Amino acid sequence: MSVLVHISPGPLSSERLLASHSASAAHAVGATVVFEGIVRANEQGRAIRALSYEAYEPMATNSLTQLANDILSKHALIAITVEHSRGEVATGQRSFRLAIDSAHRKEALAAMDEFIDRMKRDVPIWKTAI
Amino acid sequence: MSVLVHISPGPLSSERLLASHSASAAHAVGATVVFEGIVRANEQGRAIRALSYEAYEPMATNSLTQLANDILSKHALIAITVEHSRGEVATGQRSFRLAIDSAHRKEALAAMDEFIDRMKRDVPIWKTAI
Amino acid sequence: MTIRVLIFGALAREMSCKELVVDVCAPATVRDVNASLAAKFPPKAGFFQSARLAVNHAFATPDAPVQTTDEVALIELVGGG
Amino acid sequence: MTIRVLIFGALAREMSCKELVVDVCAPATVRDVNASLAAKFPPKAGFFQSARLAVNHAFATPDAPVQTTDEVALIELVGGG
Numbered sequence: 002m003s004v005l006v007h008i009s010p011g012p013l014s015s016e017r018l019l020a021s022h023s024a025s026a027a028h029a030v031g032a033t034v035v036f037e038g039i040v041r042a043n044e045q046g047r048a049i050r051a052l053s054y055e056a057y058e059p060m061a062t063n064s065l066t067q068l069a070n071d072i073l074s075k076h077a078l079i080a081i082t083v084e085h086s087r088g089e090v091a092t093g094q095r096s097f098r099l100a101i102d103s104a105h106r107k108e109a110l111a112a113m114d115e116f117i118d119r120m121k122r123d124v125p126i127w128k129t130a131i
Numbered sequence: 002m003s004v005l006v007h008i009s010p011g012p013l014s015s016e017r018l019l020a021s022h023s024a025s026a027a028h029a030v031g032a033t034v035v036f037e038g039i040v041r042a043n044e045q046g047r048a049i050r051a052l053s054y055e056a057y058e059p060m061a062t063n064s065l066t067q068l069a070n071d072i073l074s075k076h077a078l079i080a081i082t083v084e085h086s087r088g089e090v091a092t093g094q095r096s097f098r099l100a101i102d103s104a105h106r107k108e109a110l111a112a113m114d115e116f117i118d119r120m121k122r123d124v125p126i127w128k129t130a131i
Numbered sequence: 024m025t026i027r028v029l030i031f032g033a034l035a036r037e038m039s040c041k042e043l044v045v046d047v048c049a050p051a052t053v054r055d056v057n058a059s060l061a062a063k064f065p066p067k068a069g070f071f072q073s074a075r076l077a078v079n080h081a082f083a084t085p086d087a088p089v090q091t092t093d094e095v096a097l098i099e100l101v102g103g104g
Numbered sequence: 024m025t026i027r028v029l030i031f032g033a034l035a036r037e038m039s040c041k042e043l044v045v046d047v048c049a050p051a052t053v054r055d056v057n058a059s060l061a062a063k064f065p066p067k068a069g070f071f072q073s074a075r076l077a078v079n080h081a082f083a084t085p086d087a088p089v090q091t092t093d094e095v096a097l098i099e100l101v102g103g104g
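Residue numbers (my numbering), protein chains in the order written: chain A, 2 to 131; chain B, 2 to 131; chain C, 24 to 104; chain D, 24 to 104.
Worth flagging that the hints you see were computed from the coordinates, not collected in a lab. Any given hint might turn out to be false.
Below, computed lysine-lysine pairings styled on PhoX-like, alpha-carbon distance capped at 20 Å [claimed, not checked]:
hint, chain 1, residue 1, chain 2, residue 2
1, A, K107, B, K121
2, A, K107, A, K75
3, B, K75, B, K121
4, C, K63, C, K41
5, B, K75, A, K121
6, B, K107, B, K75
7, A, K75, B, K121
8, A, K121, A, K75
9, C, K67, C, K41
Since this is a predicted model, take the numbers as computed values, not measurements.
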């Protein structure tokens, strides 16, 4: 069981970070689901150039890590990797990536939905359209 | 709106295929979700070396394409790419990938779950543990 | 007339063949093919009676017509992916 | 005693500052900080009365104690990601 959380400046790279897990855990992975959030050209009907993300550190990293550990145990997952941007991310670029390794699909999809709902409610990161 | 379906021999590459869509559609993408199915070392409690996939062509490709178009319209998605292996895929390797581009997350996750349920029920591809 | 029914996966291994052949009276429907399969293989009659058949690469309803030139396939899935 | 409350996002822009300062009587709780914020900014009294506060980087219940050396932050989220 493994969790990796990374908040970094600017857009995320196209390559996902990989949470390390043991070889025995790797053999149990039957489903990998990756969600990427991309800045859209329209935010609430208004054309935008970019979003700017403000994270309250270290609470943002702490709460993402706690959330990931909680979701990992609850859904009996194998690994979770969370990446979030801070600062400016232009339209069309990635600002968020959540990757879940699991034995089965249903847990992975349920975990993904729950993770993002709880993140939006509880993780102190704010966005501003610019 | 765009659909791409590809059934190919052996394990899938680590790079996903990309469905082409217009620049205006690309600007509307706010969520990309990618599901990968990986051959696990245990199938129903039994250690295996690989799975062998048998597809009934052209019905398999036809029904994946129809399913993708149906799910695309129903959930108002932007693009769906489906890749499935035929023949032998060793444990730890990818045999299935479903990538969904959508304006929003909820539709993408619901579409992914529904797609895979219906695929398992209706698309003529059989697997054998070896 | 003779109808050839393609089979796959575990069923093909169990039957040790890739297709089953049945005789039906023309004009025939998918329902007639199911019934003939059930009659020909009594140990699996229940399975064949309700098995899903595709005609020319699309699932067909019980009332759909079947001709000897059609490609008929028995599609029973146990969970692919 | 003086409590500094960090603020972020749209609220920080609206208030044109990064922190709010309130006075509370010691010993104080999170509830007292909320009440002092509400009293100091009457137009937003309802908002401040029920706003979520974090103490030292963790959400705190209304009964949690607050000291002048704690890092207090007001965390109102409207949907991040």
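Results of checking the hints against the structure:
1. K107(A) to K121(B): 13 Å, holds
2. K107(A) to K75(A): Given that 20 Å is the threshold and the Cα spacing comes to 13 Å, the pair holds.
3. K75(B) to K121(B): Answer holds: K75(B) to K121(B) is near 19 Å, not above 20 Å.
4. K63(C) to K41(C): 16 Å, holds
5. K75(B) to K121(A): Outside the cut-off at roughly 26 Å; violated.
6. K107(B) to K75(B): 13 Å, holds
7. K75(A) to K121(B): 26 Å, violated
8. K121(A) to K75(A): With a Cα-Cα distance of about 19 Å, the restraint between K121(A) and K75(A) holds, given a limit of 20 Å.
9. K67(C) to K41(C): Cα-Cα ~17 Å, so holds.
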